[in-house]
Structure formats: C-alpha cells, structure tokens
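Going line by line, the protein sequences match chains A and B.
All you need for this note's numbering is the position in the first sequence, starting with 1, plus 25.
All you need for this note's numbering is the position in the second sequence, starting with 1, plus 395.
FYI, nobody ran anything at the bench for these hints, they're computed from the structure.
The reader is advised that the hints may include incorrect statements.
Unchecked claim - Here are the computed lysine to aspartate or glutamate pairs in the EDC-like style, where the Cα-Cα straight-line distance is at most 16 Å:
no. : chain 1 : residue 1 : chain 2 : residue 2
1   : B       : Lys680    : B       : Glu601
2   : B       : Lys581    : B       : Asp551
3   : B       : Lys885    : A       : Glu74
4   : B       : Lys882    : A       : Asp83
5   : B       : Lys726    : B       : Glu601
6   : B       : Lys882    : A       : Glu82
7   : B       : Lys724    : B       : Glu601
8   : B       : Lys885    : A       : Asp157
9   : B       : Lys882    : A       : Asp69
Said to hold, decoys possible - Going by beta-carbon spacing under 10 Å, a handful of chain B positions derived as facing chain A:
no. : residue
10  : Lys627
11  : Asn696
12  : Ala901
Unchecked claim - Not everything, but these chain B residues come out facing chain A in the computed CB check (under 10 Å):
no. : residue
13  : Gln501
14  : Leu691
15  : Asp693
16  : Met867
17  : Ser868
Even glycine gets a Cβ: it sits at the ideal position worked out from N, Cα and C.
For reference, the chains in residue letters:
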Amino acid sequence: MNFKHKYLFLLPGLLVLIGILIFPVGFTVRLSMSSWDSFFPGLDYVGLENYFRIFQEDSRFWEAFGRLSFLSVTTVTLQYVLGFALALMVWKDIAFKRFFRVLFLIPMMTTPVIMTVIWKTFFHESLGPVNDFLNIFGWNPLWLSSEILSKITVIIVEVWQWTPFMFLLLLAGLLSLPKEPYLAASIDGAGPYRTFIYVTFPLMAPISIGAIIIRLIEASKIMDTVYVLTSGGPGTATETSSFYIFIKGLREFQFGYSAALSFTYLIIMIISLTIIAKVLVRLMIRDN
Amino acid sequence: MKLKLTSIIPLTVALSTASAAYADKWSDMFPHIKNTGDIPGECSYESMSKKDYSGQKLTINTHAVPVMGEPTALHAEQFSKLTGAEVDVIHTPAGDLYSKAMVPFQAGQAPYDIVFGFSNFIRDWMQYLEPVPAKYVEMRQMKDVTQSHIDVASWDGQMIQYPIDGDRHYLKYRKDVIDNPEYQAKYKADTGKELRVPQTWKEYAEIASFFNGWDWDNDGELEYGSAEVMKKDDLMYAAFYSRSVAYSKNPRTPGGFFFDLENMEPLINGPGFVEALTDWVEATKYVPPGGINFGLGDEINSFGGGQTLFSFSWDDAFVAAMEDGSPIKNKVGAAPLPGSDSVWNRVSGAWEETYNQAPYIVWGWAAAVAKKSKNHEMAFDYLCFFANDANHQADIAIGRFGVNPFKKSDFVPEIYVERQGWDEQIAKEYSETLIEMEEKSTNRVFPLRVPGVFQFNSALATGAAKALAGQMSPQDALDEVADEWRKITKRIGADTIREAYAVGVALEDNLK
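Whenever a hint applies, use it, and build me the whole structure from the sequences.
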C-alpha cells in the first residue's frame, strides 16, 4: 500500500469529523466575531468586541456560571452518593434483584422535559399535590418562587432524573470487579465497612472518576429542567449559563453575541473539567 | 358611544338578515359557522368557493394548538375545500415563532407563504413581508376593523400585517363579590371605604389585600386577591407596562413613553415606572401561593377557575371565565385598567396630583405574507377568509382559539347575549370597556415596536423579575434596566431606534 492510499482510507472519517465537529466550531468562532442580530443579519466582522463585552460588561453571565457550578457540583455529588448506594444494594444477592435494577433505571428512560412538567405540577405552590399534603401540617413551602427553595427543587429533579445513570455505570463497575481482593479481605477478617473503604472504593475509583466527569459534562449543560421548571426565576435565582445563552441567542436573537458566549463557555468548561479530572485522580487513585 | 352603537347595530342586523339566504347551505357544510351562516362579503364562503387554487400549495407557520393554531388549521381545511388549494399548516411553540420565521427570512429563503407571530415583531419582520394590497385594505370587512388595530398592523400608514386578532389589557374582576351588598358592608366596616371596581392601582391593592387568603365564595377553598403574569420571560414585561401606564403616560408630555424621543434617553427608570414596580412588588403579597411564578396560562387558569378576585391582561382569562361550563360564568366583570391619583411629568420633574388613566393597546396575534412567497394572492385570500365576518364571529366565541374582538361590530353587547349566553349587563360592560379603550381614549400606549424589541423587553423582564424576587430594590432594578437599554440603543444605533420609535409615538400623541 503506498502513501496516497493510506490517506484515502482516512478520508471518510476525516470528512465526517470536519462536517460534524470542525465546521460547527469554526463557524461558531466566526459567528462570535460578528454582530449578527435581528436587525443586522450577516457575518460582518467586529473582531473581539463580543468577547470584550462578556468580560467587561456582562456580570449576568458570570453570575449564571457561578450558579451553574453550584448546581452541577451539588447534583453530581448527590447522584454519585445515591447511585453508589443503590448499586451496592443490588450488587449482592437480594430478593427481587432484577426488579430493582430495572426500577432504578426508569427515571433515566423518561423524557426529561415531560418529567419536568410533571414535577412542576407536583411542586405547584397553590395547585400541586405536594403542598396539598404539606398543608395538612400547616406548611406551604414556595418550591418554585423562593430564591433558595427553587434551587433545591431544580436539584431534586436533576438528582431524580440522572441518579440512575450513575447507578448504571457504577453497577457495571461493581459487577466487573475481581473476586480475589475480596477473598483476601475476608481471610484477613475485614468487615463490610473496612472492605468497602479499603477494597471496593479504591477499586471503583477509575470508574467513579469516569462517571463523575461524564455527569459533570452533562450537568453543566443543564437547560431543559430550568427552562420548564422556573424559567431561571424567581428573578435570576436559577438562571444557568446555558439558559442564559439560550435567552441571548434564541429569545433576543443576538446570534453573534451568543456564539461568543458559547465559545467562552466551551473553553471554560474544557479547562475546568480537565482540572477537576486531575484533582479527582489525585484524590481517589493516589492512595490506591 | 351611543352614536357609534346606533350605527353599528343596524349594520349587524342587516348583515345577519342578508346572511340568511346562505346560512343553510354553508353552515351545513361547515358547522363552525352554524350560529350565523355565511355572511356576504369579498372573502365569504360564497366568494371563496368561486376561486380555484387547485394544484397550488400554501404553507403556513402558526402557533401550536389550540391558541391560534386551531383556528389556523380549521380555516385552512375550509379554505382547501372551498378553493381546491393544498394547505400545509406547521405548528410552532410561541417562543420559537419569531426565530422560525426570522432564520429563513435572513437567509433569503421562503419556506412559509404565511407567518403567524405577534404584532410587535413588525419592525424586525417588515423588510421580509409583503404589504397588504390595496384591494384588501379597501374591503368592507377591513373598514370594520378599529383604528387602533389598523394602526397596530401598519407601519407608518402602510398595512404590513393582516388584522386577525385584537388585543388590549384590561381589568377583570369578580362581579359577584364586588357587587355583593354583604361584602360591601363588611369592607366599609373594616376599612371605612366603599367596595367598588378599583379606580387606581392603590385601590386595587387595598381591595385585593382585603380579599386575600380566605374563602369568600364559600367553595371550601381559599381565594386570593389577584392573578398576574409575573414569571420572567413569560410576557411579564407586558404586565409591567400595564401597571406603569397610569403613572407614566402623561398626556401633557408628548414625545415618548419608553424613551424621550429627543435624546433617546430611556424613561424606564423614571419615578412613574419605579412607583409601578413598587406596587407590583407589593402585589406579591396578594397573589396565590407561587403567583410570582405564574405565566399567562396560570393566570388564565387561576382567574378563570375562580381562584382570584382580580386579574388583568389579555382577553383570554375573561373569555375562559365566561364560557359555558365555567364555574364563574356571568360572575365576572370587565373594566378599564386602574388609573392613578398622580402622574409623573418628566418635563417639570414633578408629580402632578391629578387622576390619570391610560389604556395599553398591547400587541397580539398577527399574520403576514412573506415577500418571497410565490403565492401572494392565495395567501392574502386565505387571511381574508380567516377573518371574514362569519369565521370571526364563530372564533371569538371560543376561548381557546385566542381570537379576540378587533372589529367595530364586535362591540355590540347583543351578540354576546344572544350567541354566548352572557348576562346583559356584563356584555354591556365588556363592550363598552373595549370600545372606550380603542376608539375614544386619547391617552393610549402602544407596544414598543423598534428594532431589537426582544432585547429591550428581555432586559426589562430580568430587572422586574429581580425586584419581584427581592434581589434588588425597584429603583436599582430599573436603573439596571435603563443601563441595559442604553447599551442596546448604542449597539443598534440611536437614530435607527428613534426613527422606528417615532412611528409609535405619533400614534400615542394622536398625530396620525
């Protein structure tokens, strides 16, 4: 096979890569250097003007990013803890093991937008069943219209929806663990707690890091839950970066500026997630 | 008022009588118009049946079912049967109507012959739309449209959008409570004041607070003072403008409500607007639990379901409350938006201690024909058929259709009494409220219709939402909005915004 043939075989993959990754990113970068909006359509050139606007004028974007960080870290931490607990529960031989494994996966199989509408109905402060029940005890929490509770509501819905994903990955990890370390631990007289701390958790570290990073990437794009549940409100209490970019792009039709926001956000996420992954590897695998 | 009504009633009667000859034939085929039969006109069923559009296709982008989407699809089906045209109706959520049309517009494509949207899209869309031809503007059915809605559909005297719907914000209240002698006595005893339809926003707040959180209709459930659209990015800016007009639209200071036309300085953080936002923050205490998160649908359900004493916004909540099967049919009343005991004078920089009231002719549904469409005549015929007298009369009786009165002949109380079973007094109040706002007031406010209108309204919604949520004081929130408006104006160009805004100001200042 000569040199040219080798590159010919690479061509289909290369074309797909250009079509689905390089062109969209390149176009976004070009768009971010234009002032395209509802009144001035087209790819004019304004240089880095939109980027200066993000860093000099747009405090709302950075506030939204801070909120996103809080929501992502909180939801993924809770999902990891709960997902791990559920996976451990059905890992061993228990009654109705298969039934529980399927049951725990159901939330992930439902459509997020539809489930969020249902959750919104549950949490509706004057018409929803949750407050109907709590009213019996004289409580009437403002699930969607209090600045603090609205964040908690978003967290509840996200944790409910995506804990099964964490459960699935961690259960797959548990099922693939070697048996020998457990035999050794058993011979050494280690109880369940010590076995978990010194055997299961360290062995699961690589899978845990992968699961956490995948979920962090997904959680950092949180949009549908916020859109349906609170529209970013009350005020801007639950406004996240992706929802803010959506408002700028598809509500206000500032295509150029929203492209700059998207690209800035992409860069920040790549840097942040790389750092988080490295920190997690150090924390969880070092002792291993 | 009497003069207008006396001229309209014989016209309606004459039209109804004239329609009798066609009623059986067309209403048998199309039960939708069973109450009136066909009503003669250039775009009636009879007239359309003589057109032949066989082999031609019309593509329409409209709202999701039912609001506006259902009548669009229904009239498309009827139009297709009458003319032989193939009509493809695409339904789009409200939030995407603007972009779904705008993206192909900007790309120079014409996937849709007709686009539905909101009337305040007009400035951004108009360069891509075909003006309504003189033939349609001169038609008798168009002559019946109120001047306010001709103005809303037109730009600088040229009609761009075809009038299919009429919208304005007005007050809806529970008539059975306000007119109840027992409650009137109780209110007087407790507050020393008369219980009546509120004349000012302060009075609105007092009455709403009094009737907040107790079971005043004895249905075993708690009722509340007011249902309002307060959810950010869900048309809440329109609700805020409704609360602001009384304090800020001063008939003695022409030259702009949203901006000072001379220097394009935003007026949105002036004392009148701040007072309105302060009232609105106070209103969070007398809305139902979670009312701060109410969108338009919640407002309609809340007031229409009998949960609140007051509501103000588009017609839908009132029509829903007055439909057959509603628990509060014939228990609700309509009145102009409350006014204020003082109005800000931005020229003198002082409050004028005088009663002020200003109708807000808010934007509503609009439809237009794409300039690049190859089927202009068929498209305009469809819109003309959509809004013909028979279809229009049937459509405005169905709350979920979202078609509201915009023709002078709609403001005749008898049609609501006879066709929809409304109480005579309620029908009279409703008709008078609407016609007074549209035809008589000289202190009206029209919606902001400038390039980048979404940026301005979105900035306002964010600021107002922050104040409602307690994140900022009303003054700080509106100062932030004004700063944002200045930046938007600078980006788009003050002269560009001024040129567009002047068209609306001319209407408000009664110059045209």
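Each hint tested on the structure:
Between Lys680(B) and Glu601(B), the direct Cα distance comes to roughly 11 Å. Compliance with the 16 Å bound is thereby established for this hinted pair. At roughly 52 Å between alpha-carbon atoms, Lys581(B) and Asp551(B) are farther apart than 16 Å, so this suggested pair is violated. Proposed proximity of Lys885(B) and Glu74(A) is supported: the alpha carbons are some 14 Å apart, at most 16 Å. With a C-alpha separation of about 11 Å, the suggested pair Lys882(B) and Asp83(A) falls inside the 16 Å cut-off, and the hint holds.
Under the criterion of a C-alpha separation no larger than 16 Å, the hint pairing Lys726(B) with Glu601(B) is inconsistent with the structure, at around 21 Å. The straight-line distance between the Cα atoms of Lys882(B) and Glu82(A) is roughly 10 Å, inside the 16 Å bound, and the hint therefore holds. Between the alpha carbons of Lys724(B) and Glu601(B) the distance comes to roughly 25 Å, so the proposed pair goes past 16 Å and is violated. In summary, the hint linking Lys885(B) to Asp157(A) is not supported, as the alpha carbons are separated by about 50 Å, beyond the 16 Å threshold.
Taken as a hint, the Lys882(B) and Asp69(A) pair is broken in the structure, with Cα atoms around 20 Å apart against an allowance of 16 Å. This hint holds: Lys627(B) has a C-beta 4 Å from the nearest C-beta of chain A, less than the 10 Å allowed. Annotation: interface hint on Asn696(B) holds; nearest CB of chain A at approximately 8 Å, less than 10 Å. With a cut of 10 Å, the hint placing Ala901(B) at the interface with chain A is violated, because the nearest CB-to-CB distance is about 21 Å.
Checking Gln501(B) against chain A: minimum C-beta separation of about 4 Å stays under 10 Å; hint holds. Annotation: Leu691(B) was flagged as interfacial toward chain A, and the flag is violated, the nearest CB pair being 12 Å apart, outside 10 Å. The beta carbon of Asp693(B) is positioned within 10 Å of a beta carbon in chain A (closest approach about 8 Å), and the interface hint is therefore held. Proximity of Met867(B) to chain A holds as hinted, the smallest CB-CB distance being about 8 Å (cut-off 10 Å).
Because the smallest distance between the Cβ of Ser868(B) and any Cβ of chain A comes to about 12 Å, over 10 Å, the interface hint for this residue is violated.
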